[in-house]
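Read off the chains here:
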Amino acid sequence: MGFEQILFWLLALGVIVTSALVVLPPGGKNPLYGALLLIVSFFFMSGLYVLLFAHTMAVLQILVYAGAIMVLFTFVIMLLNLSKKELGDETRTIAKGVGVVAVVALAVKTALVIETQTLNIPAKPLPAGFGGVDAIADTLFHNYLVPFELTGVLLLVAVIGAVVLAKRTL
Amino acid sequence: MSPPETLVDKLDSPWLGVVLGVAAVLGMLTVNVLFLVWLERKVSAWIQRRMGPTEVGPFGLFQTLADMLKLLSKQLITPRHVDKPLYHLAPLVVFVPVVAAASLFPFSAGLVLQDLDIGLVLVFAFGGLAFVGIFMAGWGSNNKYALLGAMRSVAQNISYEIPLILASLSVVLMSGTMNLAKITALQSERGYWFIVLQPVAAVIYFIAALAETNRAPFDIPEAESELVAGFHTEYSGMRFALFFFAEYSNVFIVSMVATVLFLGGWSGPLLPGPVWFFLKVYALVGLTMWVRWTFPRLRFDQLMSFCWVVLTPLAILNLLITAFVARLV
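Going down the list, the sequences are from chains F and A.
Using the working numbering, the first residue of the first sequence is number 266, and each one after it goes up by one.
Using the working numbering, the first residue of the second sequence is number 25, and each one after it goes up by one.
Worth flagging that the hints you see were computed from the coordinates, not collected in a lab.
Don't take every hint at face value.
Unchecked claim - Quick list of the computed label-pair ranges, beta carbon to beta carbon:
hint: 1; chain 1: A; residue 1: Met75; chain 2: F; residue 2: Phe413; range: 55 to 61 Å
hint: 2; chain 1: A; residue 1: Ala347; chain 2: F; residue 2: Ile386; range: 35 to 41 Å
hint: 3; chain 1: A; residue 1: Leu89; chain 2: F; residue 2: Val428; range: 48 to 54 Å
What the hints assert, rightly or not - Simulated pairs of lysine-lysine, DSS-like, Cα-Cα distance not exceeding 30 Å:
hint: 4; chain 1: A; residue 1: Lys98; chain 2: A; residue 2: Lys108
hint: 5; chain 1: F; residue 1: Lys361; chain 2: F; residue 2: Lys374
hint: 6; chain 1: A; residue 1: Lys66; chain 2: A; residue 2: Lys98
hint: 7; chain 1: A; residue 1: Lys168; chain 2: A; residue 2: Lys98
hint: 8; chain 1: A; residue 1: Lys108; chain 2: A; residue 2: Lys168
hint: 9; chain 1: F; residue 1: Lys432; chain 2: A; residue 2: Lys168
hint: 10; chain 1: F; residue 1: Lys294; chain 2: A; residue 2: Lys108
hint: 11; chain 1: A; residue 1: Lys168; chain 2: F; residue 2: Lys294
hint: 12; chain 1: A; residue 1: Lys94; chain 2: A; residue 2: Lys66
Ideal Cβ placement from N, Cα and C applies to all residues, glycine included.
Pulled out of the complex, with its shape left as it was, chain A reads as follows (with noise of 0.2 Å):
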């Protein structure tokens, strides 16, 4: 079978390719934001017996739209006391990863912008650097609330990258490759989800995402109930725009990542690709919504022994035993 033609291929020029795509790319994550914002607020008054948005538009959907018109219209306060360049920096550095993993996935056979043979590597690369924004920020806010925020966000996320990739691992060993489109295709010519085959690491690989986009039951890098905002407590209107935005956006490739890996990603009788494709990745962000407002948060010492106890080993044993039996088979 000869590679997919990809969107870029389609194109004369790779560079107008590469533009129209980010733009594409930009364009989807924005949607996707906008909605997942209002979801997430219809899910937890939802949970909680309330009614959520409701004014703006039907059933309130255009409320997060308001939001953001607000925020870009507010006044940016930078307060006296911060570091400048990392102040002003951080919220683009925690920003443009998230875009740029966005650009990797495949949303259907052939609908990938870049195909990639590491792309899987890539996607975590991007993902580790969202921690130099997270750190610019405490940092530069020079706030004891951002820092121990950003502190705690960063030991969390350098914990749980581990189980997280470990996990995925054991998909690649099935796989034999890291390329997320030949991942995808090799699922749906077996006819069967990785999930199948490799439940543990699935259930891991959730518990670790969960931790890695600072999501409840693992948010106590922004507990408010401790440190009023965490890392982007200084922050304001668009500058705290784009912090949110990344977060919600890392909700949403994390299940990106999920649905190539476990679910088949766009893989599916009857329904075209990225119809498929969304359903799943959107089944998934509905169940870290669930969990979210149904969990307690952890205390930090629970969060990083439960990490370092139970499911960095529980990983490294699932990867090993995947090795052998792919041997094996």
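If we strip away everything but chain F, and leave its shape as in the complex, we get (with noise of 0.2 Å):
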């Protein structure tokens, strides 16, 4: 096993230990613990990215999800102002077993698919400027500008949407 390759199972690791705590205690428990450990998975996500040779993304997911929206989670999490009562009580529900069932349902068969399926592509040398700033420029404002143009329109009309939402009842 390479370097390479234990670097990617550790990150891959804390990916899913990281995210896997944001819903179980101490992140189910306690909404700010959920949010930091979110930001704790970002970081391993970015590391990911790092390792795809994705240099430019694994920096800008830092910059946009560790930085700014986390921002607005926990910024939400403290306007709501949650006491231990509004988050009730530790209970098992039908709900919630039928969740586990079907995440470890999916989970095996995820797994029986891989072990059977083998991915034949072929290896291919990384094209010049791969991950850097300008192949993603050139991504997102050329070959896919529409799609990207329309996903900030629909940002705005959220963004006006609650505005108008929140000053209604004002």
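Dock chain one against chain two, each of which comes alone in its own frame, and use the hints as you go.
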């Protein structure tokens, strides 16, 4: 097992463990811990991007998600100001049980599929400038310009909608 | 022109290079922060017609060193009601991104620890991480002043990040790269600094940088008269020192970014590169200190409306004009 592979397993394990802890205790008990663990998970994820030579994506992942989006989460958590009572007691409902069974079933099925299928993708050298700023800009603003702009409009509509809804109750 | 050899390339082992480089950056930051604290006290004294530190060493130069030793030897007090994991981790989370960001700057031609084509974005990404640590400190302290300070700090940081990045993007549009070393080299080749063509962006950057580093007149997160000390109210000893260290390092880093983007980095006649680099950085640091001890603190709503109503639209307009001009020329 090469060094890169060891790194991959460490990072992948990190992603899985930290994202699980977001919903399980301590994250499940305390939303703020959940949000912070999500940041840690994003860090492991950006490490995976680096292993894929997508270093710009890795940095953007940190800048946008760990930086900006998390601020939003933490502010919402603070504004809601949940007490322990509102979070509810730990209960074992049928829905939760079904959820666990479904997740386990999906995991087993995925493992079986990966086990039986062998992907035969020939290894190709990376195109020059792969993962750099230029490559990403070219993809976003050249190949996928219309979807990109539409996403921007969609976000704008969402922001205006949120303001309109919030102002109505003020 | 082939890319200049980086420091890490010159060593046989990349790992050794990274370790040595981080040690060098830490050393540089430590020396500069110690000097900055002394400088701030002297500048404030000078502006207020006082003497400032005079006792320890010539001109009180070793005062901060003595202060640091005092902080090192102090007992670390952990209040009983704090959220322990968050409280203990917060100083480190604030401290580490600062060191990481500082390792990206070109101090001279070829004198750069990590020469990345996304250097500028990475600096901002690390800068954005500071909020996590500040928030952890404020929340973990379980103290109303600390929490209020942290909330103000985070709200202020994410708001002023927008004009800060937009102003920097104007320079990126002109130079066509986000590589800090290449931006500097470009200014050196063309023979002028980008502040000549981007004076508006430079001013916007400077104002936003003051807010990003929580410096007066934007030091609302730790407004002493209202919030005791803001998010680090409950911290003592070396933990407090780490926050302090990060704060002054941040001042240093935003000045370094401004030097690279607008003042031509290490380029300059006669004197060697690093000398020019640090001269420019210290000129900017001096300016931030001058501003701090001259202007009164803003109110929070003034701060926010100034960012969203004045700075951000101005930065967008500047970016648009830059884009058009860059396309035409």
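Original post:
Within 30 Å, alpha carbon to alpha carbon, are lysine 168 of chain A and lysine 294 of chain F?
Top reply: holds, 22 Å
Exercise. Can the restraint linking lysine 66 of chain A and lysine 98 of chain A be considered satisfied, given a maximum Cα separation of 30 Å?
Worked result: Cα-Cα ~25 Å, so holds.
- [ ] Check the following: the C-beta atoms of leucine 89 of chain A and valine 428 of chain F are separated by a distance inside 48 to 54 Å.
- [x] holds, 52 Å
Hint check: lysine 108 of chain A vs lysine 168 of chain A, CA-CA at most 30 Å. Holds or violated? Roughly 17 Å separates the two Cα atoms, so the pair holds.
message: For a C-alpha distance cap of 30 Å, please report whether lysine 94 of chain A and lysine 66 of chain A respect it.
response: Judged against 30 Å, a Cα distance of about 20 Å means the pair holds.
Practice task
Measure nothing beyond the straight line between the CA atoms of lysine 98 of chain A and lysine 108 of chain A; if it is 30 Å or shorter, mark the hint as holding.
Solution key: holds, 20 Å
Given the hint that lysine 294 of chain F pairs with lysine 108 of chain A, test it: the Cα-Cα distance must not exceed 30 Å.
-> Within the cut-off at roughly 16 Å; holds.
Next item on the list: Take a quick look at whether lysine 432 of chain F and lysine 168 of chain A sit within 30 Å of each other, Cα to Cα.
Entry: Answer holds: lysine 432 of chain F to lysine 168 of chain A is near 28 Å, not above 30 Å.
Q) Is the gap between the beta carbons of methionine 75 of chain A and phenylalanine 413 of chain F within 55 to 61 Å? A) For methionine 75 of chain A and phenylalanine 413 of chain F the Cβ distance comes to about 59 Å; the hint holds.
| task | Assess, step by step, whether the Cα of lysine 168 of chain A is no farther than 30 Å from the Cα of lysine 98 of chain A, and give holds or violated. | result | holds, 25 Å
Quiz prompt | Agreement of lysine 361 of chain F and lysine 374 of chain F with the hint, judged by alpha carbon distance not exceeding 30 Å | solution = With a Cα-Cα distance of about 20 Å, the restraint between lysine 361 of chain F and lysine 374 of chain F holds, given a limit of 30 Å.
Quiz item: Holds or violated: 35 to 41 Å for the Cβ distance of alanine 347 of chain A and isoleucine 386 of chain F?
Solution: 39 Å Cβ-Cβ, so the 35 to 41 Å window holds.
Taken one by one, the earlier hints all hold for this structure without exception.
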